[in-house]
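**Q** Build out the structure end to end from the sequences listed, making use of the hints.
Number of protein chains: 2
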Amino acid sequence: MPSRPGEDELIARFFAPLAGPAGLGLLDDAALLEPPPGDDLVLTTDALVAGVHFFTDDPPGAIARKALRVNLSDLAAKGARPLGFLLALALPGDWREDWLNAFAAGLGADASAYGCPLAGGDTVATPGPLTLSVTAFGAVPAGRMARRSGVRPGDRIYVTGTIGDAAIGLGIRLGRGPEIPKADKQFLLDRYLLPQPRVALAKAIAMHAHGCMDISDGFVGDLTKMLALSGVTARVPVYRLPLSQAGRAAIAAKPDLFVVAAIGGDDYELLAAIAPDSAPAFEAEANAAGIPVHCVAEAIEGYDPPRFIGPDGGQVTFPRGSYSHF
Amino acid sequence: MPSRPGEDELIARFFAPLAGPAGLGLLDDAALLEPPPGDDLVLTTDALVAGVHFFTDDPPGAIARKALRVNLSDLAAKGARPLGFLLALALPGDWREDWLNAFAAGLGADASAYGCPLAGGDTVATPGPLTLSVTAFGAVPAGRMARRSGVRPGDRIYVTGTIGDAAIGLGIRLGRGPEIPKADKQFLLDRYLLPQPRVALAKAIAMHAHGCMDISDGFVGDLTKMLALSGVTARVPVYRLPLSQAGRAAIAAKPDLFVVAAIGGDDYELLAAIAPDSAPAFEAEANAAGIPVHCVAEAIEGYDPPRFIGPDGGQVTFPRGSYSHF
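Protein chains in written order, with the numbering used here: chain A, 195 to 520; chain B, 195 to 520.
Everything labelled a hint here was simulated from the structure, so no lab data went into it.
Treat the hints loosely; a few may be bogus.
To be verified - To give an idea of the chain A side of the interface with chain B (calculated C-beta under 8 Å), a few residues:
1. A225
2. A241
3. V243
4. M339
C-beta: ideal position from N, C-alpha, C; glycine also.
**A** Here's what the structure looks like:
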């Protein structure tokens, strides 16, 4: 067996080049952050396990980018701009240098693209599957973090982008996909493989949103959760959910996929509650940031779960509200 | 099989009671931290894998506490007082509620004892071993973080507590231990199981230390690393290393254990470089905090690795410098 680099060499070769100023060259016990004056800090962590949150044979760069992006999505949902991240990486014994090179290259590309440099981490060996935990931290103007619980009656509920692509894409990845054109399949597969965190919308969220969360566990479940935490409800015409062209094609070929789109996870789009007065400015800023937003409901007083309405005006019920990890 | 709580219920039952104000009841996407005015923030992450960093049958409360404490040790080494932590927990499928109850109880006890509440986290399923990543964050007066690279010629190098107990304790845990009294064995086993992070020394480190790091990978290797990063060297009379009474008993029974003590990991004591002028104040503050400190060397100019000196004045070499995870 060729000799392996030790932990310090591994960090120096693969990860130190990704470090920002807070990372101190990854040569210290910890990262050092001078908090931006006038801001609150937002911290979030997400863990990904090979075979659970991604496929072991996914491209290593995509695995790294997904791990960072799901955390960037949380920051964006809180209205926070990224400042940096820490990575805890548990590597199985059979890791290869070319794999780690590609992993670090993907991580570096996103760290650079999103302005979120590596600030520190830990690399350990595991007899189990590759496991990554990213902790990202960001800054939001003091007092402006958008809570899940902040939705008020009368707020318009917006979603960014399109819903359900990743869940349909996962089905395609598992060989359950509908017969649709190859380009549509690829689009949906890519949406599963690589979420698009709405970092560019963070400022508008901080400025305008009463409440916000990212949709990681499915539109229906996450909306239900946000409204419940806010003590409001809604009537949601689900047939007007924003779908991609590929998503529509998939649902046309296999109508059951509409339910998959509505309740499936991994969208990493945002649900944002905006007061009607702020809606024009929010829409204009989203437009300027190149992020499509669609109003899908209006929050109303009441503690009942939201009602999802079909095209015939009748209530639609879903088999389960949300993705559960257990 | 009895029904299992879902992820939200699991968080609500086991972890939400541990949340501090920054954790927002663990009901949001992220933690919210108002940075203490005039402070820099210090962030650190450490991952622990069952079967690698602890024994699968260790008491669950001790596993939780060790995961938090190794991070608190990093904060202390930087002179930072703890503010909170995030926990990413990858749970194997066979987890039991009584196990998780005990885990959360241990975590909560330390979070309370060290003033470091839970601020957020992520709980996922894994087909592999239990894996924990803790990210702890703390505050240090602006500009006062003690770097590994800050040691200056003339500084006195102090170590806290005693060296080697955990490494000898690990040997006992593995059945390789020497014949020593049961109470000594238990002391050494406990030192391996449950490190004592030197949180109470953080303020004195921030006030007085030119450089500092915690000893996680062994005294010899970590001292060598800190001096190299600082561009200084030292002559270290290793026979004067502070040893516990139990450690001395173990070495008396099996002299090879001295090397284990000097190079073995998991001490989680601090190495602090203090200018001679500051030494009396540092010693007085350590004494007031109840933390023994011993001066083990003086930093001198030069880029050579430190020389370790035996009782006969001759140089001692060690089989390897430091614990490597790979």
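**Q** Against chain B, run the beta carbon of A:A225 and see if the smallest gap drops under 8 Å.
**A** With Cβ-Cβ at 4 Å, under 8 Å, it holds.
**Q** When the nearest CB of chain B is found for A:M339, is that gap smaller than 8 Å?
**A** Result: holds, 5 Å to nearest chain B Cβ.
**Q** Holds or violated: is there a CB of chain B closer than 8 Å to the CB of A:V243?
**A** This interface hint holds because 5 Å falls under the 8 Å limit.
**Q** Identify whether the interface hint at A:A241 stands, where standing means a beta carbon of chain B within less than 8 Å of its own.
**A** holds, 4 Å
In terms of the numbered hints stated before, the structure departs from none.
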